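Chain A is already provided as a structure; the job is to place chain B on it using the hints.
What follows is the residue order along each chain.
Protein chains: 2
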Amino acid sequence: MKAYDGYLIDLDGTMYLGSKRIDAAPGFIHRLRQAGRKHLFVTNNSTRTQEQVAAKLRQMDIEADPEDVFTTSMATAAYIREQKPAARVYAIGEEGLFDALAKEELTVADENCDYVVIGLDTAITYEKLAKACLLVRAGATFLSTNSDKALPTEAGLMPGNGSLTAVVSVSTGVEPIYIGKPESIMMEQARKLLELGTEQVVMVGDNYLTDITAGIRAGMDTLMVCTGFTKREELPKLHPKPTYTIDSLDEWEIK
Amino acid sequence: MKAYDGYLIDLDGTMYLGSKRIDAAPGFIHRLRQAGRKHLFVTNNSTRTQEQVAAKLRQMDIEADPEDVFTTSMATAAYIREQKPAARVYAIGEEGLFDALAKEELTVADENCDYVVIGLDTAITYEKLAKACLLVRAGATFLSTNSDKALPTEAGLMPGNGSLTAVVSVSTGVEPIYIGKPESIMMEQARKLLELGTEQVVMVGDNYLTDITAGIRAGMDTLMVCTGFTKREELPKLHPKPTYTIDSLDEWEIK
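So the sequences go chain by chain: A and B.
In our numbering, each residue's number is its place in the first sequence (first place is 1) plus 12.
In our numbering, each residue's number is its place in the second sequence (first place is 1) plus 12.
Treat the hints as calculated values from the structure; they're not laboratory data.
The structure presented is a predicted model; accordingly, all values stated were derived computationally and were not measured.
There could be a bad hint or two in this list.
Identical copies carry no separate label here, and so any pair may be met within one copy or between two of them.
Claimed, not checked - Below, a list of computed lysine-lysine pairs in the DSS-like style, where the Cα atoms sit at most 25 Å apart:
#1 Lys161 with Lys143
#2 Lys249 with Lys267
#3 Lys140 with Lys161
#4 Lys32 with Lys253
The following block holds chain A by itself, in its conformation from the complex:
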């Protein structure tokens, strides 16, 4: 077990399950903080602001400040700013996306746009989708915060952002650049924010297909914790394997 200077930590399945806290989560974060280790919570949820995510964690007695949270909306905004500061962006999404774009000083617009970004929007309309199609056809770079196809809720599996994004990709024939997990873009953005090298960081999550794959693609070590989506029994079939696999964050010693 190596000593890591930075931890990227998934939320659902790792810190909590839906509205229920995972028992080992508060202690793990407390130990990280005591040891002075840098960390970021990295979430594919594009609809909430970093303040809202931190508040949810604190309600579960998990220590979290807004600046500890890195959403896929923030990663998208940071990615755009890096490529073109003060870009004009047409955005479909909720508060978390518009907040992130504003914090990166990007201009939200609906004509002459450099980028079209789609994040989950439960107030989606035909007009919003039509505008996105026209702008992508006119040459705007097409981004999507994340490719999640379905969103688990108490009422069942709802359409995820990857399925809304499909309206524009199917209509225009242009595939978007996806930012969130399992893509490496979000991992890279998070690592830069921590000001650490790839070797110094470990990605922690419960989902092999998103969290662990994102870490692997970014060239990071990975820690899979079997408290959520991926079961330990699946481990023999997974290639490449996570660097470490544990059953509870209580097992993990912070070096």
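Same frame as chain A, now just chain B:
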């Protein structure tokens, strides 16, 4: 040139271009009527009723009664009724779809549904799409009126029904049965309505990828008229070829 008892006739590109009538159209329909030939206008437009489509044609001085019109919504409703009379159907669409379902005495519902049908709906919402996803996951048969990816309008190419349908197919992983052109289902439904055999019918249209392909797939003879989408220069590359290719409906002799 064979004598046909029935003609299936496309609208956009064949009878008119957008809001502009094609000069040869009124005479062609008049000659068909004079010769006592059965015919149906077959359109992938799912949003209008047969009365609305006939009225648009008459405004262009093209003879048309409501019963001469066969929309993809009507084909969808007829297909469902054939498979399960009095089926319960969850429908996303506009007036043309709901009108067609009512005329086939199907029950529009939003729970315990046998079928989920998606037609173009410019008042689409997340809630409608979520309901469709839940019902498809619960086992309802998934139909889509047509797979058109983009809809030409004066403002540009808008999202077509195939792109809205993608939200549900991408989210659930279930591919729909498409009813409209280029599928043969709509052709078969139209042929049955005319009470004619496949050999007695010819499909007339301007678009090789939709109209002519639908006719070919249904085993019908096809007449391509180069007044719309497909250009005569493309003919050498098309396989299988239309049975006949002409530059204007004026050239076609009704036998």
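Now the hints, each set against the structure:
1. Lys161 with Lys143: Answer is both; intra-copy 22 Å and inter-copy 15 Å each pass.
2. Lys249 with Lys267: neither (29 Å within a copy, 67 Å between copies)
3. Lys140 with Lys161: Both. Shortest intra-copy (20 Å) and inter-copy (16 Å) distances satisfy the 25 Å Cα cut-off.
4. Lys32 with Lys253: Answer is neither: 28 Å inside a copy and 62 Å across each miss the 25 Å cutoff.
Checked against the numbered hints listed earlier, the structure breaks hints 2, 4; every other hint is satisfied.
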